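Student: Next come the chains, spelled out residue by residue.
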Amino acid sequence: MKYKHFWLAFIVIFGFAGASFGQTINSTTTVNWSNNNATLLMDQNGSALSTGAGGNNNGALIQLGYYNQGNNVNEFLGMWVPLTGAGATLNTTIGDSGSGTDLAAGRFDFSPTTWHFNTSNVDIFDSGLDTAFYTTKSSITITSPAPPAGQILSIRFYNTNTVGALTLYNAVSDNSWVWATPTDAGAILPDISLANPGVNPLVWQDPINPFKTTLLAIPEPSTYASSLVGLGLMGLAVLRRRIRHQRS
Amino acid sequence: MVRLTLLNPTPMSKTTNSQIFIKNSNFPCSPQRNFLTSPPLSQFLQMSRSILLFVSLAGVVCSATLSAQTATTKPVGFTSTAVAAASVRALALPLDNVPEFTGLVGTINTGAFTIQTLSAGWTTNGFGSGNFNSTNANPHIIRMLTGTSAGRQYRIASNTLDTLTIVSSPSTGFASIANGDQYEIHKVETLASFFGATGTINGQSLTTNSDANSADNVLIRGASSWITCYNDGTQWLRGATASNNLVLLPEQGFLLVKRTGAYTVTVAGSVPISNLVTDLPATSVVSLANRFPLATTLGGLGLDQLPGWFNSSDANAADNVLLRGASSWITFFFDPAQGSWVRGALPNQNSTVIPAGASILIVRHGQGSDIAFNQALPYSVQ
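The listed protein sequences derive, respectively, from chains A and B. In this text, residue positions in the first sequence follow the working numbering: the first is -14, and each later residue adds one. In this text, residue positions in the second sequence follow the working numbering: the first is 10, and each later residue adds one.
No lab work stands behind these hints: they were computed from the structure. All figures in this text were calculated on a predicted structure; none of them were measured in a lab. Possibly wrong hints are sitting among the right ones.
Mimicking SDA-like on lysine to any residue, the simulated pairs with C-alpha atoms at most 25 Å apart in a straight line are [said to hold, decoys possible]:
id: 1; chain 1: B; residue 1: Lys196; chain 2: A; residue 2: Asn53
id: 2; chain 1: A; residue 1: Lys122; chain 2: B; residue 2: Thr361
id: 3; chain 1: B; residue 1: Lys267; chain 2: A; residue 2: Val163
id: 4; chain 1: B; residue 1: Lys267; chain 2: B; residue 2: Ile282
id: 5; chain 1: B; residue 1: Lys196; chain 2: B; residue 2: Ala94
id: 6; chain 1: B; residue 1: Lys267; chain 2: A; residue 2: Lys122
id: 7; chain 1: B; residue 1: Lys267; chain 2: B; residue 2: Gly309
id: 8; chain 1: B; residue 1: Lys267; chain 2: A; residue 2: Asn160
id: 9; chain 1: B; residue 1: Lys196; chain 2: B; residue 2: Thr292
id: 10; chain 1: B; residue 1: Lys196; chain 2: B; residue 2: Ile339
id: 11; chain 1: A; residue 1: Lys122; chain 2: A; residue 2: Asn185
id: 12; chain 1: B; residue 1: Lys267; chain 2: A; residue 2: Pro182
id: 13; chain 1: A; residue 1: Lys122; chain 2: B; residue 2: Gly120
id: 14; chain 1: A; residue 1: Lys122; chain 2: B; residue 2: Gly375
id: 15; chain 1: A; residue 1: Lys122; chain 2: A; residue 2: Asn53
id: 16; chain 1: A; residue 1: Lys122; chain 2: A; residue 2: Leu88
id: 17; chain 1: B; residue 1: Lys267; chain 2: B; residue 2: Gly375
id: 18; chain 1: B; residue 1: Lys267; chain 2: B; residue 2: Gly242
id: 19; chain 1: B; residue 1: Lys196; chain 2: B; residue 2: Trp131
id: 20; chain 1: B; residue 1: Lys267; chain 2: A; residue 2: Ser35
id: 21; chain 1: A; residue 1: Lys122; chain 2: A; residue 2: Gly39
id: 22; chain 1: B; residue 1: Lys196; chain 2: B; residue 2: Gly139
id: 23; chain 1: B; residue 1: Lys267; chain 2: B; residue 2: Gly334
id: 24; chain 1: B; residue 1: Lys196; chain 2: A; residue 2: Thr116
id: 25; chain 1: B; residue 1: Lys267; chain 2: A; residue 2: Leu88
id: 26; chain 1: B; residue 1: Lys267; chain 2: B; residue 2: Asn253
id: 27; chain 1: B; residue 1: Lys267; chain 2: A; residue 2: Gly135
id: 28; chain 1: B; residue 1: Lys196; chain 2: A; residue 2: Gly113
id: 29; chain 1: B; residue 1: Lys267; chain 2: A; residue 2: Asn185
id: 30; chain 1: A; residue 1: Lys122; chain 2: B; residue 2: Asn118
id: 31; chain 1: A; residue 1: Lys122; chain 2: B; residue 2: Ser293
id: 32; chain 1: B; residue 1: Lys267; chain 2: B; residue 2: Val176
id: 33; chain 1: B; residue 1: Lys267; chain 2: A; residue 2: Val184
id: 34; chain 1: B; residue 1: Lys196; chain 2: B; residue 2: Thr209
Pairwise CB distance ranges (calculated) [as the list claims (entries may be wrong)]:
id: 35; chain 1: B; residue 1: Pro179; chain 2: A; residue 2: Gly149; range: 36 to 46 Å
id: 36; chain 1: B; residue 1: Ser185; chain 2: A; residue 2: Ser32; range: 55 to 65 Å
id: 37; chain 1: A; residue 1: Ile193; chain 2: B; residue 2: Ala93; range: 20 to 30 Å
Residues of chain A clear of chain B, computed beta-carbon distances all greater than 12 Å [as the list claims (entries may be wrong)]:
id: 38; residue: Thr15
id: 39; residue: Val16
id: 40; residue: Gln54
Ideal Cβ positions, reconstructed from N, Cα and C, are used throughout, including at glycine.
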């Protein structure tokens, strides 16, 4: 318990340095987030989520983000705001690694992930240390109030690379996974590790099926529109078939 | 007789001890106490129980210089910094591992990033190979001692019997190296070599745990953020990635997050004998080591005098120096209106001490230009 308290104090320390003079172009927030072989993420059938073809960005989508009304009573309240893997950019996906060599199916390790103040660009891995470093997108521009300091974070993972009409997901959170505003000295969040959730237990959006993608995802607007068009065409086809059937 | 003379004495921090030993130019290979303690330093520094360590280091010097083209005389010693429980310290390695080779550039090929020294007699890849920070378990650097690039250092990617290949990036100043320039080769520390592969070394142990939030952490500055590392009792990790070979470069500081129990960080090795150059890009956050084993001050660093360093009364525009205080970072900047380094509204902070073995954070907001920070030796080696 005291470890956690000290670590939280450490975050405040880092945050305070930047708060003295506000945020600048150098201000960052960083976190490591990972799981291990004992905490693999799986699809609805219990198969470890796919890493896709060799290399990064082609496995099952996984995002770090938050629910905009989430709190320590209900972490999954409100709209999902992805802070990585958002939009039509390089997705953060299962199996990605700093070397570009896939981790095992169901594994993720984004150490480190860094947000920069006043931009939606997010560094995945370190450009100096990792040959497979890449930049992904947050759905929002990181500012001082967004995400709010202390906002509880969650990990959302899907059974496909992009979110479509039939994509399933689940989300996991922990009350100690909290956001800190970027600072020049570099705000650092506590490690997010499914293997070591700390004093607070992991909380699942579908608690009956932890580690598994079981909930129907709502596609992002662009995908949603194409899905609607698809559904519309299907409906039209059915209607025409019915009309043809009635005429005959 | 070799004499080390302190040029600008600065009081040592009370939590940092250091001791510099000087050996003479005819230093024999037998483990005798053939050294002198520098008189100018002794008034500031305390003696410590490190004679055996010194003797063993001296032995390394002797065996290493046998194969070198140029016999050199290197002062050796140690610094130690106490890190209390439940604290965060910004640290650095102000002493180098004893040079394993000192020589002259025979032929430089700037396109191929190679330096050849005929008859060097090296063992192939004896200075390590593989990727720095990942697969290279024996990383070395080459530091230029003379010439236009004196004080710069480069990472060695591999070597043959007489040719070094350096890592192509970063390699600022490599093209300015000329035939005949003198250099030395040092092993650089990794997390495993400096803190122990299992977090225990020289009778001291870090707190290890499979949970990074419970283990002690070592934070290394990456390209744009801190890389958090911890030891689970069997190896070093960042996230779930094995990281025994992450390097602790001489020019770079690191943070030690000590959760429980005190720890004394002891750095043993040879004293830098040349000027030292560190790049400070215009828009960057750099963890900068106090590169010499002596305390200095904000004014003594002279950053505000450098072309390209941006001074302003606005802390958010000015280039900043952040010192790690007892529990937080403390921001300083040079205010031209005050004519001094300031901390918030407090002027006249020029004499703020940066202890030996400490590091600082340089935050450059992009108003200035790239700087090659060239630090002269704060002592003379005669």
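Student: Run every hint past the structure and note whether it holds.
Tutor: Results for each hint:
no., hint, result
1, Lys196/B - Asn53/A, "violated (50 Å)"
2, Lys122/A - Thr361/B, "violated (41 Å)"
3, Lys267/B - Val163/A, "holds (22 Å)"
4, Lys267/B - Ile282/B, "violated (32 Å)"
5, Lys196/B - Ala94/B, "violated (30 Å)"
6, Lys267/B - Lys122/A, "violated (34 Å)"
7, Lys267/B - Gly309/B, "violated (30 Å)"
8, Lys267/B - Asn160/A, "holds (24 Å)"
9, Lys196/B - Thr292/B, "violated (30 Å)"
10, Lys196/B - Ile339/B, "violated (33 Å)"
11, Lys122/A - Asn185/A, "violated (29 Å)"
12, Lys267/B - Pro182/A, "holds (20 Å)"
13, Lys122/A - Gly120/B, "violated (36 Å)"
14, Lys122/A - Gly375/B, "holds (23 Å)"
15, Lys122/A - Asn53/A, "holds (18 Å)"
16, Lys122/A - Leu88/A, "holds (22 Å)"
17, Lys267/B - Gly375/B, "violated (33 Å)"
18, Lys267/B - Gly242/B, "holds (15 Å)"
19, Lys196/B - Trp131/B, "holds (14 Å)"
20, Lys267/B - Ser35/A, "violated (38 Å)"
21, Lys122/A - Gly39/A, "holds (22 Å)"
22, Lys196/B - Gly139/B, "holds (14 Å)"
23, Lys267/B - Gly334/B, "holds (15 Å)"
24, Lys196/B - Thr116/A, "holds (23 Å)"
25, Lys267/B - Leu88/A, "violated (31 Å)"
26, Lys267/B - Asn253/B, "holds (19 Å)"
27, Lys267/B - Gly135/A, "holds (24 Å)"
28, Lys196/B - Gly113/A, "holds (20 Å)"
29, Lys267/B - Asn185/A, "holds (22 Å)"
30, Lys122/A - Asn118/B, "violated (41 Å)"
31, Lys122/A - Ser293/B, "holds (21 Å)"
32, Lys267/B - Val176/B, "violated (33 Å)"
33, Lys267/B - Val184/A, "holds (19 Å)"
34, Lys196/B - Thr209/B, "holds (20 Å)"
35, Pro179/B - Gly149/A: 36 to 46 Å, "holds (43 Å)"
36, Ser185/B - Ser32/A: 55 to 65 Å, "holds (57 Å)"
37, Ile193/A - Ala93/B: 20 to 30 Å, "violated (47 Å)"
38, Thr15, "violated (4 Å)"
39, Val16, "violated (9 Å)"
40, Gln54, "holds (26 Å)"
Checked against the numbered hints above, the structure breaks hints 1, 2, 4, 5, 6, 7, 9, 10, 11, 13, 17, 20, 25, 30, 32, 37, 38, 39 and satisfies the rest.
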